[in-house]
Amino acid sequence: MAIEVRIPTILRSYTGGEKVVQGSGDTVRDLLTDLDTRYSGLRARLITEDGALHRFVNVYVNDEDVRFLGALDAKLTDGDTVTILPAVAGGAR
Amino acid sequence: MLRIDRSILDAIVAHARRDHPDEACGVIAGPAGSDTPTRHIPMENAARSMTFYEFDSMQQLRVWREMDDRGEEPVVIYHSHTATEAYPSRTDIALAGEPSAHYLLVSTRDPEVEEIRSFRIVDGVVTEEPVQVVDATVDPHAVQTYMFGQNPTTVDYECSSR
Chain A
1 MAIEVRIPTI LRSYTGGEKV VQGSGDTVRD LLTDLDTRYS GLRARLITED GALHRFVNVY
61 VNDEDVRFLG ALDAKLTDGD TVTILPAVAG GAR
Chain B
1 MLRIDRSILD AIVAHARRDH PDEACGVIAG PAGSDTPTRH IPMENAARSM TFYEFDSMQQ
61 LRVWREMDDR GEEPVVIYHS HTATEAYPSR TDIALAGEPS AHYLLVSTRD PEVEEIRSFR
121 IVDGVVTEEP VQVVDATVDP HAVQTYMFGQ NPTTVDYECS SR
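For the record, the sequence lines run as chains A and B. Quick note: the first sequence, position 64, residue 64 per the working numbering, numbers continuous. Quick note: the second sequence, position 52, residue 52 per the working numbering, numbers continuous.
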């Protein structure tokens, strides 16, 4: 099962500069575990120590934010595209 | 250094003034690798807060895709501080996720003063940079007087001392 994963600039140091990589898994969680076997350290940038998706990372399956699809339990099917974007946030607080 | 058109800067400041006292945020896209901001995209502050901003995640996906399709990248990411100076807060630094972008901050704390500063934020390190505002609408052949540090078509803002 092939999933195309789009990697943002800030995380390309983990993928040897690659903008798009391939992975596999039935859920986003499985996909990130699979990617981490080849791109060590990537998973830790996306998932907190408690095992939840990091608050300021956006992960999309095709056109949907995974937060609306069950977060890390979001289901994947062959041919899906997963996009990772760092949230753009900040402020005076 | 950030080189930016006067018309784009005016649009950023107008957006910040309009959303005051909430923080405003947005992107100036430009051709990838050009370091030239050309297309102003005001973004919705999903946090709707006076002390925090966050792009709406679905709008961000659409805008980032559109930039990708057009061969653009986010050259400038801007937001406003509405009661404090135009300098990155700890939150700004901790959450900065675009190492190749110019982070432009606008302070709207004084309605009479246009306070803008630009920074690089890479791996938690903030580096201020000068801003050169290019005024494409000025006729360079017109007779006019201008102050030291300016010429008829550009204005340079040096880094503030801090």
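Don't read these hints as lab results, they were simulated from the structure. Beta carbons: idealized from backbone N, C-alpha and C, even for Gly. It is possible that some hints are incorrect.
[Stated by the list, open to error] Which chain B residues face chain A? A few, computed with CB under 10 Å, are given here:
hint, residue
1, Val-13
2, His-15
3, Cys-25
4, Ser-34
5, Thr-36
6, Thr-38
7, Ser-57
8, Gln-60
9, Arg-62
10, Thr-91
11, Ile-93
12, Ser-100
13, Tyr-103
14, Asp-156
15, Cys-159
[As the list claims (entries may be wrong)] Restraint-style ranges between C-beta atoms, simulated for each label pair:
hint, chain 1, residue 1, chain 2, residue 2, range
16, A, Glu-64, B, Thr-84, 34 to 40 Å
17, A, Ala-2, B, Arg-39, 54 to 60 Å
18, A, Asp-78, B, Val-134, 29 to 35 Å
Looking back at the hints listed earlier, which ones does the structure fail to meet? When the structure is compared with the hints, numbers 1, 2, 4, 5, 6, 14, 15, 17, 18 turn out to be violated.
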